[in-house]
Structure formats: C-alpha cells, structure tokens
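Number of protein chains: 2
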Amino acid sequence: MSTREERLLARVALTWLTEPGTWSVHRLVQQLGPVAALDLLLDGGAPDRRLRETVAARQPAGDPRAVAADALARTERVGARIVTPEDDEWPAHLDDLRQLVLGGVNRRVDLETAPPLCFWVRGGWPLGEALARSVAVVGARAATGYGVHVATEIGYGLADRDWTVVSGGAFGIDAAAHRGALTAGGVTVAVLACGVDRPYPMGNAALFDRIAETGLLVSEWMPGADPLRPRFLIRNRVIAAVTRGTVLVEAAARSGAAQTLHRALAMRRPAMVVPGPVTSAMSVGAHELLREHREARLVTGVAHVLEEVGRIGEDLAPPARGAERPIDRLDDEAALVLESLPRRGSLGVDALAARAGVDLRTALRKLSLLEELSLVVRRDGGYAVAPSPAPGTAARPVGAPAGQPPPPGPPGRAAG
Amino acid sequence: MSTREERLLARVALTWLTEPGTWSVHRLVQQLGPVAALDLLLDGGAPDRRLRETVAARQPAGDPRAVAADALARTERVGARIVTPEDDEWPAHLDDLRQLVLGGVNRRVDLETAPPLCFWVRGGWPLGEALARSVAVVGARAATGYGVHVATEIGYGLADRDWTVVSGGAFGIDAAAHRGALTAGGVTVAVLACGVDRPYPMGNAALFDRIAETGLLVSEWMPGADPLRPRFLIRNRVIAAVTRGTVLVEAAARSGAAQTLHRALAMRRPAMVVPGPVTSAMSVGAHELLREHREARLVTGVAHVLEEVGRIGEDLAPPARGAERPIDRLDDEAALVLESLPRRGSLGVDALAARAGVDLRTALRKLSLLEELSLVVRRDGGYAVAPSPAPGTAARPVGAPAGQPPPPGPPGRAAG
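First to last, the protein sequences are chains L and B. Sequential numbering of the first sequence, starting at 1, is according to this note's numbering. Sequential numbering of the second sequence, starting at 1, is according to this note's numbering.
Just so you know, the hints here were simulated from the structure itself, not pulled from any lab data. Note that the structure is predicted; figures quoted are calculated from it, not measured. Careful, some of the hints might be misleading.
[To be verified] Covered by chain L, per the in silico footprint, the following chain B stretches (three or more residues, Cβ under 8 angstroms):
no. : segment
1   : 206-214
2   : 272-280
[Stated by the list, open to error] Selected chain L positions facing chain B (in silico; Cβ < 10 angstroms):
no. : residue
3   : Leu72
4   : Glu76
5   : Thr279
6   : Arg297
7   : Ser346
Where a beta carbon is used, it is the ideal one built from N, C-alpha and C, also for glycine.
Work the whole structure out from these sequences, hints included.
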C-alpha cells in the first residue's frame, strides 16, 4: 500500500507528464491508484498510442518523480498547498465533467476534459468550502467600459450575498468581477492556467495579491508553470465545473469565455448571458450564445443571476441537473465500462473488459445493465455507445460532502 | 341588395358608433352585412348589453349616417380614400386577429381585437401591395441615441431589400424606423391612431408629409379623429396583423410597444427583440420580453430580421403560423359558433344559436363537429370552450390574394 506522500508525488508527476484533463490517465488512476498508474506509464504501458507518445516525449525533460519532488518543495516555499481528491477540501461535483467526455469535437480541449488530478492552492480558505456557493463570472479581456461596469456590479452583488465569485484572473471582465467581489469584502477565487506563484497576467499582480489574502488562487499546474495558450481552454472546464452557474459578460465572436459557457451548458448548470448594445463587437459572442442555445438565459443583473442559482443555493442542495437520467444511477463499474467504449465504432467484450480494468464476468454483467438502460447497443459482434441519450455519468463527489456554506470570514487557517 | 356606396357609408357609421375592434359588431357585419348591421344597432337591437349602451351613448353626438356622409366628403377633401374588405387592396391576413379573441384578460384593448371595418388611406400605393412584404419596427418614444441608431439602421436595411417598414409614426423609435426607410428610398407605412389628415404627433408633421408622398398613412379612424389614449393600443393590433413580423427596439417596462409584440406572438408571427445595454431603462422592457417568451427572438440587425421573415418572404407564401391546427380548417359557421361561446362558463344551445345568428339545427351540427375536434365540451347542460387548445380560427383572407410583391417604385396610381 502506498503512503499519502507517495500518492501525492505520483499525482504531481502525472500532471506534469501528461497535462491535466487527459481521460485515459484519469481512468488509469481510478483503476490502479496514482502510484501504480505512474509506474505503468513510465514502463511504457500506456493504454493508447497517443498517451504513450505524450509520455515518451516528456521524459527527456527530466525524471518525473524528481520533477514532482522539486515541485513539492517549491509549493511549500511559495506558501501554497496541494489538494487532491483524498482531501476533505476537494471540491464537489468535479465528476460532472464526465458529462463532457463524449460531447467533444476534434480539438484536444474538447476531448480531454477529465477531472483534475490535483490543485495547487494559495490562500486560507478550504477549497471546497470556498466553492460550495459560487458563481463564475467570465468574459472578454478587451472589455468595454460597459462590460467592466456590469461585471463589477455582478461581482459585488454576488459577494454581498455571500456567494463566491470565481473567474480566471484575466484583464477586462475577469478582473472586474474579482474586484467587485473584493470591494464587497467577499470571497473570490481566481482559477489560473499557470503556477499560483506567478499568476498571469503580470499587470494584475496587485489584484492577485489581494485575492490570495482574502480568497484563493487555484491552478492545476505546478508552481513555475507557464501560461501556455491551450492551458486557458483546459482551465475553463474547471471554472464551469466548480461553480453553480456561469455568467458571461461580453464576448467577441467565438471567444474562450463563450467556451466556458458551453461547458456549463453541457453540464446542465445555469448558463447566463448579459446582453449588450448590438453595436458593440464585444457583445457579438454574447448575443450569438443567446440565439443559439435555448438553455442559455438572458440576465441583466445580480437579481436574475440569483434567481437562476438561488433555486439550488438556498437549500444547499447539489446543482440542478435537469431530470434524473438512467445514467445518473450507474455504479462506478458500469460507468467505467460505459466510458471505456470507443466514441465511434464498437469494441469486443474482451478488449472492453481490459480497457475498463474489470474482469470479463463483471464487464458482461454491466453491459447487460447498460443495454437494458438503452445506453449501449450490440454492434458488429461487440458493443457500442447507443446513439441518442446524453452522454456522461454523474458519479458521486469524490471527496468532501457538498454544500458547506463558507463561514462569514476567512478562516485564518494556516495554508498547507 | 345594398349598393357599394350604402355599404361604405354603413361601415364608416359603424366605426364611428362603436370604435374599431369590437367583436360583436364584426360578427354582426359578417352575418348581416354592414347596412343591416347598422340598422339593427340603431333600432336598439345590439346582441349584448355593453354594445347597446355604447350605441346609445354615442347617438346624442349626431346621426351616425349624417356623420358618415360628412366623413366621406372630408375624406375626399383631404386627399384620402377608404378601403374596405370589398376592395382588392384590402390587406391579407387581418383575420388572423381572430387568434386573439379568447386570449385577452380584462381590458377592452385585450378583449376587442376584431379586424377593422375599414381603413382611411393617404398615399399612392395599393394598401395590400404595400403591406404584402412588410415588417413592423416599433419601440419607445423616449428612445436613446442607441435605439434611434439601431432603428434607423434596421429601417434602412429592410427598405433597401424591398421590404416595407411599418410603424406608428410616434417620436423616437417609430420615427427613426420610418426615416431609415425613407433614406433608403423605400416604402414605409405609418399606422395612426387618429385621422390621416391630422397625423399625431404634430412634431412629426414633415415626416408624415414625406411618408404620404412615397408611402402610406393609414388609420381606422375617420379624418379629424383625435388621438385618444386607448386608440394607440387598439391600433397596435393592426401593426402586428398586417406585417410578416414585428421588431421591438427599446421599450421601458410594460410599454405599449411591448404590447404590439405580444400581439405578434399571439398570432404566431415572428416576434423579434433587439437587446441593449442592461444599464439602460429603455431596454428593460426588451429584456423582459426575451426572458419571458421563448418564442421571442433576439435579433441584432437587419440580417437576423430577414432570417426570420425571409423564410416566408422569399417564396411569397403566407406568413408561417406553425403546424396547421383543427381550428384552422373550420368553416365560417363553425367558427361563428365557437366564437359565440362565452369566455367563461357554458351556454345552452338555444342561446348559443341566437348569439351566433344561426338556426338551431346548424348550431347542433357545428357543435358536434367542434366537439369532435376537441374544441368544445359539454358542461352544465350546455356547451363551453374546451380548456386546452390555442384559441382562434385562421379564416381565409377576406379580400385580395396575399403575397403580391410591391412593384419597384410607387405606382403613381391616383388615390381614391
């Protein structure tokens, strides 16, 4: 049996070796635990070619275990801590990300949306508590005065009602939302696409310092990690997944912020959009979302936002996910078998059992259950995902129970 | 048999005697023709107490036939003409207003939404042709610079693509839409709530003159009629009914312009709303409509508007009304029986036959058809409107065939 320290080190090494969000790594860790999963990958035993190549490409950069040990030391040095699913403060509902697994198109950020292996956190709040009653406010970096005004108002209003404001720490709308929350004396969380010791952009350094003092800086990447471009999109799934709903204020056509809203829509979380002048290029993306998605809700201020998230917030129940579907009641093994099916085409039961890491008898038993629920069909002598129902399984939260409201002020609890 | 002149005079007298939009008058005219309907009313034979009182209250103001004769002379003097359902230029689809009959609440403007008895028209275009490819653009009088800009752009863009721009001639959005159309050299129609010889507001006098030169001024009220407050709301049903769709640009909370959009929604015409800054009081009503009505469509410019109305515009088919319902196939007598049922409670078959103006045997035959179509149920020994299906009957257009596109320029045809 591995120690907690060994498992922590393995998670950090895996994050560095394979980038956050990789489904095959997530599955391996669920099946084998992080230590054995790391061993397997380093021995060249990755279950698919792409992952084997990723691991092989990364190894010349250093010994993953040594890199991880360095990262642990640096984490302590910069006053941060690592939070894993084993910890009480792990945020609830991250497993709703499973609902995104089959919904993607071709880009990596659309395909690789697995829950994080661990978070780096700077700030005094227990992560799960800070996020239990939270709303994401996201939008354009090149925001207009109008957008900044509205985002500040919404950030202020949410914080004033004891909701945590989550955003990405970027210029423009993100910064305005954080600032609004800070002005109200509330809690705000910046989810970063780089190390928590060097939050990006530098121009927001003073803002990040204030957030770390009274709220949290959070990242899936180790201290020192660069804010590489794809990481922003990988990060966006976390912003959508850890909050009760996402509000978009200003977005140009096809923006990253709009992509965060798509994630919220896919997870059936309230997806809210603030309209703006039709003459503003910075509202084009917002209006597109409202035209294209019936489920996207037009909101004009904090009262409307609270109407959407408050329904589920007042009683501290878990986020609404629409009517319960068969898929929501699957046990872990059945979910694993379902997830192990290829997105296209079919797979024989032997290969499927191996891929899911269950024995043949279990695979057959779970497949017959899945067939009964119309989630799986027999095809070409094997099994395939049934064409129509919405994908994903909503497993139970991994760590702490959901829905603890944040205490009235920062807990002053020592970091680490 | 009455002459055309007698029928025209009777329609004018009825309009003066009972205000446009009164359903019981509309039904009497359908049953008896305008001349006999007028005789009946003047003899105190109105079918319901409210109408009897209305007629009695009006009569001291003058002999209705003499008032109508004066109105005919004045119509000629001011260079206007009267258009009735007997004329080729009567607009198509006005009978869609029947879809509003059972949908109202308590106010007269919500209950009395019958098609007009006649129109006064100033301008060279045949009325039906000018309206065959038309879009309504309506909104706040106290418009902002933003709203005026957007309404002008949409008015221009529509006219530029040979769509007629219909509005109410008011300050603010209405005037901007008309001006945009005029600037593009297109056709625009102002539907007024007062006489076409003294269009209101006076401040738009120069605008009205330009509209009369190249487009049309239209009213249900005789020359000299005052723009009384309730008339604006009565007028709004016409703006929604004669156009292929209605665009709302700026509205304060609970505005008259929003009511026009409700009419369009009730008739299943495209109901389009331009969003604005959430910080603007003049967009509050627009955003409310978008939040409350799933069918209301967010549009940001003329391209989106054409997408909505163009589907039905390109092939000159009649406006889309959703899937055909049983109610759409009713013959006139069945529709009459259905319309004669009280909005609440039930009515015995004898009373119902009398009210509908059909004999007992016809009433029973039509009731059994309506029962079969689930439009009517037996209750308390009588008949009542069935609770669920959408109300109204979409009768065939009364006058000219629909869908004649306007010729490229004003026809220069003599008015009258």
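Note to self: So, against the hints stated earlier in the document, which numbers end up violated here?
What the structure shows: 1, 3, 4, 7
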